[in-house]
Amino acid sequence: MARPAATRLLSALAALDGRRARGCAVAVLVLALVAGGGLLFRAQQLTGSPSARNAALTDHAATSRVSGEVGDALARVFSYTPEGLDDTEQAARELLAGKAARQYETLFARVRRQAREQKLTLATRVVETGVTRLRGDRAELLVFLDQTTTRADRKPTSAAAQLSVTARRQHGDWRIVALTAR
Amino acid sequence: MAPTAGEERARAGRFAAGGPVRAVAVMLTLAALCCAVWAGFTWYAAAHDDTLAYAATRDEVREAGEQAVQNLNTLDHRRLEADLDSWEDSTTGELRAQLKKGRKQFAQQIRAARTVSSARILSSAVAELDERAGRAGVLVAVRTTVEAPKEKPATKQTRMRAELTRTSHGWKLSALAQVPVGYTADTPDERD
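Going line by line, the protein sequences match chains C and Y.
As numbered in this note's numbering, the first sequence has no gaps in its residue numbers, which increase by one up to the final residue, 182.
As numbered in this note's numbering, the second sequence has no gaps in its residue numbers, which increase by one up to the final residue, 374.
One or more of the hints may lead you astray.
Claimed, not checked - The list that follows gives simulated cross-link-like pairs (lysine-lysine, DSSO-like), each with its CA atoms no further than 30 Å apart:
no., chain 1, residue 1, chain 2, residue 2
1, Y, 286, Y, 338
2, Y, 282, Y, 354
3, Y, 338, C, 99
4, C, 155, Y, 338
5, Y, 286, Y, 334
6, Y, 354, Y, 338
Worth flagging that the hints you see were computed from the coordinates, not collected in a lab.
Just need the whole structure built from these sequences, with the hints factored in.
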């Protein structure tokens, strides 16, 4: 009659002197717990470090998605024509949130006046985008922009801009929540 | 207090083959062994995880890039040789060769001008990293200050792209350039 392995093991252990078997079992138990605990701790150190949890570049799809969306957002909210100011403001309402949205509102009130009076056109182009940190629904980026301003009857002038951007994903889409000119 | 003979027998009975306490003890030990094996696999997977290694390299590259850009924007005429040594230490390949070649003449110019240049890294990000080829591109926003005698310090914020190459002494700068504006312009950024 074939006996289950566990039963066979139990009777094998029973054949040993009781006290010795107990000693062995306790030693194995302690060893297993210490080794297991140590290994788990080390594994946690490896996977739980800020470096490991930063998905910038390591998650290629997520990195290019946030780069693309943030780049597009910047190009849209920092581009306007005297006639299309409402469109730009509407875009900003969709693409900015939090502190960035409040800052933008203040700025845009001024822009609105200037753009109408001086027939100002601003075109913003993303030159380079790098993701510094990406963790879950929060990302920090460094973006280089070219901004071309055109005043009525004058030659366009361009300027370099570099921005630190904090973005947060809300309902699946990335929105810019903070902007710092660098 | 020593256990009586009766208690000893009773305990021996509970630990005997098929006794409930013994069965539980064996199960516990087996469970602990299984957990230890599982922990071993978990650790092994983490230690040999390509993504984790790539993340560590990315951070190493970013740090090396920041340090190299900082070094190459730092130059004090009072400790010229040390600063120029650090320029050479931070670079590799063609860039390093160029720096070495122009070092003497450049040192003379700086000694004559008596300038002190310093830099502060404002922000940085690794834009590309090819671990196999050992090449990376890092974006850096930096504020540089140049002080010359009898002149106001000139501060300027620039955007740079640094190319890094892996060497036996870590990641070194193989190219450094300001990212130019696509059009001809010299107006400052009005949006602060």
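Each hint, compared with the structure:
1. With a CA separation close to 26 Å, the supplied pair residue 286 of chain Y and residue 338 of chain Y stays within the 30 Å bound.
2. Taking the CA atoms of residue 282 of chain Y and residue 354 of chain Y, the gap is about 15 Å. The hint holds against a cut of 30 Å.
3. A C-alpha spacing of about 26 Å is found between residue 338 of chain Y and residue 99 of chain C, which places the hinted pair at or below 30 Å, so the restraint holds.
4. Between the alpha carbons of residue 155 of chain C and residue 338 of chain Y the distance comes to roughly 25 Å, so the proposed pair stays at or under 30 Å and holds.
5. At most 30 Å may separate the alpha-carbon atoms for a hinted pair to count; residue 286 of chain Y and residue 334 of chain Y meet this at roughly 27 Å.
6. For the given pair, residue 354 of chain Y sits about 25 Å from residue 338 of chain Y by alpha-carbon distance, which is consistent with the 30 Å threshold.
Violation of the numbered hints given earlier is absent; every hint is satisfied by the structure.
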